[in-house]
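Visitor: Line by line, the protein sequences are chains A and B.
Oh and the first sequence: position 393 is 396 in our numbering, straight run, nothing missing.
Oh and the second sequence: position 96 is 121 in our numbering, straight run, nothing missing.
Warning: the hint list may mix true and false statements.
Derived pair list, reagent style SDA-like, types lysine to any residue, alpha-carbon separation capped at 20 Å [unchecked claim]:
id, chain 1, residue 1, chain 2, residue 2
1, A, Lys24, A, Leu129
2, A, Lys365, A, Leu88
3, B, Lys84, B, Arg101
4, B, Lys70, A, Asp62
5, B, Lys107, B, Leu50
6, B, Lys98, A, Arg32
7, B, Lys98, A, Glu39
8, B, Lys70, A, Ala16
9, B, Lys84, A, Ile76
10, B, Lys84, B, Leu39
11, B, Lys84, A, Arg368
None of these hints come from the bench; they were simulated from the model.
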Amino acid sequence: MPERKTIAAYLEAVQGQIRWKRARPLLVRELERHLEDQRDDFLKEGKAPDEAERLAVEDMGDPVTVGTELDRIHRPRPQWGLLGLTIVLAAVGVFLRVLFRRPYFRQDLVLMRALASLGLGTAAMLGMYFLDVSRLVRHARALYIGTLVMTVPLLRFVYPTYSFSLVSALYPLAYVLWLYSFRGKGWKGLLLTILGGMPLAAVCCLIPSASGLFILLFSGLAATLYAAGRDWFGVGRWKGVGAVLAVAFGLLAFLFLKGYLNSFLLRVMIALRPELEKEHRGYMGWALHMFWEDVPPLRSVGGEAAMPVNAGARLFGGGQELRPIDFSHDFLPASMAVAWGWIPLLVLLAALTILLLWMLVKGLRQSYLPGHFVVLAVVLTLGFQTLFSAALNFGFVLFSASLPLVVGNFQTVVDMALIGLALSVFRGNSIAREGPGRPIPQRKRLRIKFEYQ
Amino acid sequence: MELEKSLVSGSMSLLVLKLLEDGDLYGYQMIAELRRRSDDTFRLKAGTLYPLLHSLEEKGFVTAYEQTAESGKTRRYYHLTKQGRSALQEKETAWNAYARAVGRVLKGGACLAGA
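The shape of chain B in the complex, shown without the other chains (with noise of 0.2 Å):
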């Protein structure tokens, strides 16, 4: 299913995060995550994951290490801060009040369709 542009990157902070809380991983890995995840539903461009990681760095929320792999290639892991952890908590509140409205409306309107 293809989502609407708009809808998936007021949450893509979110989900960046909520991906760093199981563990450190590199961006090509927070890619196939987030694709296995949600199903195939989430395409995450490259191009828009780094920027949001640097940003994110910026803001103190993940710090960023080098790290060898198994394969020898070194890879640049992301780490969640407990800053992150705090502000993606909030983001998860703000999520789940924002998805029960939401929620609350589509079936309200349902209910008076039907009536």
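Isolated chain A (complex conformation) (with noise of 0.2 Å):
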């Protein structure tokens, strides 16, 4: 084999040995200012410029070893198991969708779009599992500012159903990015990324969108206390997680004294006691918690379900004109749990945990840090999702929620978009790299679950 003398055709020869693309341009730099610095000590020793070059090239080793072992380490990390696990939950929701449709709705249609959602979903699962998560966070302010640019002329002109979805899902990804990007910024940076969720809040109570809004508040408030705790803003760990909780206790004062506050507390009331205003407010929860009570832990298929679709109005008789509880969409779990008995429910929301546990586990195992954020992100915004759905679907009617991967066409292709995002983060993990500066210290991995569970 002829010997390669010039660092161009050195690096050459050790990038042919790396057959995973994404991975060749960081490792290939990094050998690359080896061997300048290398030759520029040799032309400082007085080596003429080729042979300073040669010589730098023979110091490095054998091109082809270097290259395979390089190699070896870099592979990218399939995550099959969660991408399977998350079309098969996605496909048990097309099912429900098509079991439990509005009686009017054509089946084939719904079939139709329903399928639809399941492709389109597993298409955008695909893309961003194979997107550079490296490339969204160096972008993470436009990002941003994007986000927030595209959907708000977006609410005035697109479904409503599409707005909460959109919004729901985005703006604590969004968030997060905008977080990430004041990294040892100090007190300012911790100021900006407040303030910066500040507008994503706006938008929620102009569409409104209270799922969104607690989905971005929740989240938003426990991924900067992750942050700080992490003293990702460089003023100290403590003095961050104070000032963090400082900001989300006056704000709850402000909502008091503005009496905001009194306003959702009722509403808490009524959704934890619903009987008290079972013709007003409570209708939906107490008319809830009366079906559940005939909910069986299994029902045999072909049995007679007790909560048909539009069922509501027979619990008041004739008499009485009350608007009809519309049991499709967000409601689809409750429809499913009558038809079959309240297990099956409880088997598909354990897979739905099983499946955001695993992403968190793993994206906290994981070093690369900006990745933590983004699967955190993912995270918590599907994991308020499930559980205001299920809080929804148990009788506690706070507001409306989707279960993910389950209700919804276009939410389904969301969620799916999301999770393929956060995988993205698993699967280049080998050649995920900090930004400038010190990486912030690691901590305890039991402290950051105590802490945030």
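Build the complex: two chains, separate frames, hints provided.
Guide: Here you go:
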């Protein structure tokens, strides 16, 4: 084999051995800098430029051996298990949406739309799965502003269901990207991070989307506490956490003084005891409580379900003009429990929880810190959606929420794209690198889990 | 003094982790520092060092970050993690035990020869 004597030829030979294209530039850049340093030192010793370059290359060792070794270490880590589980859950969602469709909807159309959502969702998930997350975090602020600017005009023209899905899914991620961009920026960075949440919250109030707002507030608070707990802003761990908590409590006090908190607490009380207002604001919750009383652990297939779709009116007999409950869409999980018993619903919720916990544990274990934030945003978004949907379906009616991957065609596509993004973090972890600056010190995993569970 | 390759390769991760114990370094600095500290005995090839560093990073013993040096060039510095510090302690203990055992055997052989 002819000896390679120039830096460019050497690097090309190394690159030829590395099969993962995305890893090549990063690995080659480090070797190139080393070769240049070595060549410059030989030049300082008085060597001629050609000789200095040749000696630097010879000093590095055999390019094929070096390339092969790097290829062995840097391989994409396929996430087939999590991809498969996501597709299976989304397919279950298709089945449920077709089975528990509104009676006046044509089955073939519902089936076609549900299958299209599964196909589009899978494509979106794979598209995001093959995305380089480091590029995403490199343009974090631009993406935050882009999300805000793009979604505001869309809200006027897009069907509300799509607006809710977009806002509740994308805003926590946009906020976390914004947060990421203020690493080591001190108190100013912390302040700007928190201020960045306000325009997003304002859009949620304008839609209005209560679930979008609460998902944003809860996930934003959790992500900011997580960042402050790792001294992301460089103001000190406990000072940062204290400041974030102070802002959160300050906001609560402001809402209380303005009277908003009182009306919210009244809503919570009605959600907890809907029978107090069963003919008005508590109707939905009370009706659900009534239905849940008849739900067995398991109902034999083919048995008569106690709650057909649009069955709410029968609760009050024919004398009262109360609007019927639409037991499709957000209440699809409850319909499923009424038809088959509560055990199948618990199994579905458990499967979703396992998927999200699996992603969270993997996300916090990997070494790439920006990846932590992306995974955290995705898991918190889908986690709160699951939690709110479960609460809604079990009769705690505070605001609408769709069960991820199960309810809503458009919602399924958005959820699958989000999961694909989180999985791309795991796939590319071996070449994911920190940006400039010293790494933030690692903390014990157990403490991180304890604080944010 | 030229050492046998197998003697060096087995202990190389220990040496690299030890170098990082005192502070963050980039690859070129590590090679120079290793030569200096070993009185020019360990001449580690860069082609051996970088795959080793990347495998240590995979194990979580070191993390890497980019920083612009005074020269204006961007360098990739390596930082010893807490996990890496524990691994270093274990490797040092194992190495010291091994070195003592080898020393005792060599010393014992010399005594017998002299008896």
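Visitor: Hints first: check each against the structure and report whether it holds.
Guide: Hint check results:
no. : hint                : in the structure
1   : A:Lys24 to A:Leu129 : holds, 18 Å
2   : A:Lys365 to A:Leu88 : holds, 15 Å
3   : B:Lys84 to B:Arg101 : holds, 18 Å
4   : B:Lys70 to A:Asp62  : holds, 6 Å
5   : B:Lys107 to B:Leu50 : holds, 16 Å
6   : B:Lys98 to A:Arg32  : holds, 12 Å
7   : B:Lys98 to A:Glu39  : holds, 11 Å
8   : B:Lys70 to A:Ala16  : holds, 17 Å
9   : B:Lys84 to A:Ile76  : holds, 11 Å
10  : B:Lys84 to B:Leu39  : holds, 14 Å
11  : B:Lys84 to A:Arg368 : holds, 12 Å
In summary, this structure violates none of the numbered hints.
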